[in-house]
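Colleague: One-letter residues, chain by chain:
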Amino acid sequence: NAGVTQTPKFQVLKTGQSMTLQCAQDMNHEYMSWYRQDPGMGLRLIHYSVGAGITDQGEVPNGYNVSRSTTEDFPLRLLSAAPSQTSVYFCASSYRFTGVDNSPLHFGNGTRLTVT
Amino acid sequence: DAKTTQPPSMDCAEGRAANLPCNHSTISGNEYVYWYRQIHSQGPQYIIHGLKNNETNEMASLIITEDRKSSTLILPHATLRDTAVYYCIVRPGGGNNRKLIWGLGTSLAVNP
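If you're matching them up, the sequences are chains A and B in order.
To convert a position in the first sequence, counted from 1, into my numbering, add 6.
Just so it is clear: in the second sequence, position 94 is 84 by my numbering, and no numbers are missing.
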């Protein structure tokens, strides 16, 4: 298994540009999520999904869109990039969202985004 | 949801045990303690979790106090590759990952 794969690894955008960060997992995980990590702050949840066709907002959703058309893929779209969105973005998945399963999160290796 | 408190940094000599403490004094009865680590430039990696009993796996041991207000992650023979930021998190049993609160963790430096 490749686990959680994120592409691209690095990206530079100009203010106002749009782009999609890709995330794919091959573990048949029900739950997928996007976090951002900024210096001096813990990981913050942007959006999450509990299955294909179901998404919801996390702590910091503004400026980002997501969709989940398949179990495997969970892309994150920046609609109009702003310098405040300069960050490292991590995709994470787990087998279940809730329930008796306490399976941990599996993370990708991140996308480092700079918005100028 | 319980928050955790960890020292910002620690040092450990290579080959010695690294003992990383975590306070979670407001933990509820059904909340689990999870540990992850993040090696530079990589995504966080799961290490271990527990509810009230001590746990051990191939990576580490987790010691939870009887009152469950604190825990210690033990890396029995630290190597240079264990240099990372270690995160202690509490999660409701059967609860959703949406409610995880990630702090800044403990930056562990393993020195030769």
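Certain hints may be false.
Among chain B residues calculated to face chain A with C-beta under 8 angstroms, some are [stated by the list, open to error]:
(1) M0
(2) C2
(3) R6
(4) P34
(5) Y36
(6) G93
Hints were generated in silico from the structure; no laboratory data involved.
The C-beta atom is built at its ideal place from N, Cα and C for all residues, glycine as well.
Colleague: Would the hint on R6 (chain B) be counted as holding, given a Cβ-Cβ threshold of 8 angstroms to chain A?
Modeller: Cβ of R6 (chain B) sits 27 angstroms from chain A, so the hint is violated.
Colleague: M0 (chain B) was flagged as interface toward chain A. Is the shortest Cβ-Cβ separation under 8 angstroms?
Modeller: 18 angstroms, violated
Colleague: Hold the hint about P34 (chain B) up to the distance rule: shortest CB distance to chain A must be less than 8 angstroms.
Modeller: Because about 5 angstroms separates P34 (chain B) from the closest Cβ in chain A, which is inside the 8 angstroms limit, the hint holds.
Colleague: Tell me if the interface restraint on Y36 (chain B) is satisfied: Cβ within less than 8 angstroms of some Cβ in chain A.
Modeller: 4 angstroms, holds
Colleague: For the hint on G93 (chain B), does the least C-beta distance to chain A fall short of 8 angstroms?
Modeller: Cβ of G93 (chain B) sits 5 angstroms from chain A, so the hint holds.
Colleague: A closest beta-carbon separation below 8 angstroms is what the hint needs, so does C2 (chain B) meet it against chain A?
Modeller: 23 angstroms, violated
In this structure, the hints that do not hold are numbers 1, 2 and 3, in rising order.
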